[in-house]
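Protein chains in written order, with our numbering: chain A, 1 to 111; chain B, 112 to 224.
Hints are computed from structural coordinates only; laboratory data are not their basis.
Heads up, the beta-carbon is just placed ideally off N, CA and C, and yes, glycines get one too.
Any given hint could be a false lead.
Unchecked claim - Here are the simulated distance ranges between beta carbons:
1) A:41 with B:182: 26 to 32 Å
2) B:165 with A:58: 23 to 29 Å
3) B:126 with A:52: 41 to 47 Å
4) A:56 with B:178: 20 to 26 Å
5) B:191 with A:17: 45 to 51 Å
6) B:172 with A:82: 30 to 36 Å
7) A:53 with B:127: 20 to 26 Å
8) B:212 with A:67: 27 to 33 Å
9) A:81 with B:126: 39 to 45 Å
10) A:52 with B:167: 42 to 48 Å
11) A:67 with B:170: 26 to 32 Å
12) A:27 with B:212: 19 to 25 Å
13) B:171 with A:67: 29 to 35 Å
Stated by the list, open to error - Chain B residues, not near chain A, derived (Cβ > 12 Å throughout):
14) 139
15) 172
16) 176
17) 178
18) 184
As the list claims (entries may be wrong) - To list a few chain A residues with every Cβ distance to chain B over 10 Å, as calculated:
19) 4
20) 49
21) 58
22) 63
23) 69
24) 72
25) 104
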Amino acid sequence: KQEVTQIPAALSVPEGENLVLNCSFTDSAIYNLQWFRQDPGKGLTSLLLIQSSQREQTSGRLNASLDKSSGRSTLYIAASQPGDSATYLCAVNNGFQKLVFGTGTRLLVSP
Amino acid sequence: ETGVTQSPTHLIKTRGQQVTLRCSSQSGHNTVSWYQQALGQGPQFIFQYYREEENGRGNFPPRFSGLQFPNYSSELNVNALELDDSALYLCASSAGQASYEQYFGPGTRLTVT
């Protein structure tokens with residue numbers, strides 16, 4: 001059974017810092033991994049999708065890496081801004097589009 | 112291009128009642144998945160519909176059921192509501208069954224009293 005863990009559970013940083021969010025999963029037989037952002041009480045916004053054959057994806061200040069063999073992914077956020085404050089969720093797709101989510105990292109970026 | 116939409120936004124029901132939640136998938140998407148997200152937790156997979164057929168189910172009892180229509184919109188029905196059913200219900204659509212990106216709607220907040 002696939003299990004996804006995210007560390008840390010919460011993170012508070014001053015504006016401008018570069019930061020790394022971690023995601024680990026127990027079963028390396030995945031199709032892809034997706035990083036999402038969730039604002040309080042809202043739906044999920046897809047940030048980055050990494051296919052199992054890829055090592056990383058970049059979008060603006062965000063960079064996500066994937067190491068399938070070790071069951072790890074990281075989301076790197078450069079030059080953090082207060083608008084980045086949200087919960088970040090990673091989810092792995094084991095097949096047929098069933099996503100298994102971690103419990104998220106709650107990020108607070110202070111001005 | 113219209114994104115994934117869900118209705119209603121919020122809903123309050125009494126224990127034992129039945130509820131229907133609705134989802135319109137993104138244009139061109141034929142696969143819809145439903146997730147339940149309890150407060151402070153990650154979303155949990157309920158089930159998926161592909162071309163009007165159920166295509167996988169998570170660890171949820173039969174009182175959770177669904178439908179997908181020819182236009183690929185979908186409904187989630189929950190019978191005999193329990194207090195623990197209070198959660199944010201999320202719908203996601205994708206272009207197929209393979210390794211496609213999933214796009215989520217804004218969710219329906221269900222409160223059971």
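Here is what the structure says about each hint:
no.: 1; hint: A:41 with B:182: 26 to 32 Å; result: holds (28 Å)
no.: 2; hint: B:165 with A:58: 23 to 29 Å; result: violated (37 Å)
no.: 3; hint: B:126 with A:52: 41 to 47 Å; result: holds (43 Å)
no.: 4; hint: A:56 with B:178: 20 to 26 Å; result: violated (39 Å)
no.: 5; hint: B:191 with A:17: 45 to 51 Å; result: holds (49 Å)
no.: 6; hint: B:172 with A:82: 30 to 36 Å; result: violated (42 Å)
no.: 7; hint: A:53 with B:127: 20 to 26 Å; result: violated (49 Å)
no.: 8; hint: B:212 with A:67: 27 to 33 Å; result: violated (20 Å)
no.: 9; hint: A:81 with B:126: 39 to 45 Å; result: holds (43 Å)
no.: 10; hint: A:52 with B:167: 42 to 48 Å; result: violated (19 Å)
no.: 11; hint: A:67 with B:170: 26 to 32 Å; result: holds (29 Å)
no.: 12; hint: A:27 with B:212: 19 to 25 Å; result: holds (20 Å)
no.: 13; hint: B:171 with A:67: 29 to 35 Å; result: holds (32 Å)
no.: 14; hint: 139; result: holds (15 Å)
no.: 15; hint: 172; result: holds (18 Å)
no.: 16; hint: 176; result: holds (17 Å)
no.: 17; hint: 178; result: holds (18 Å)
no.: 18; hint: 184; result: holds (17 Å)
no.: 19; hint: 4; result: violated (7 Å)
no.: 20; hint: 49; result: violated (5 Å)
no.: 21; hint: 58; result: holds (16 Å)
no.: 22; hint: 63; result: holds (17 Å)
no.: 23; hint: 69; result: holds (18 Å)
no.: 24; hint: 72; result: holds (17 Å)
no.: 25; hint: 104; result: violated (6 Å)
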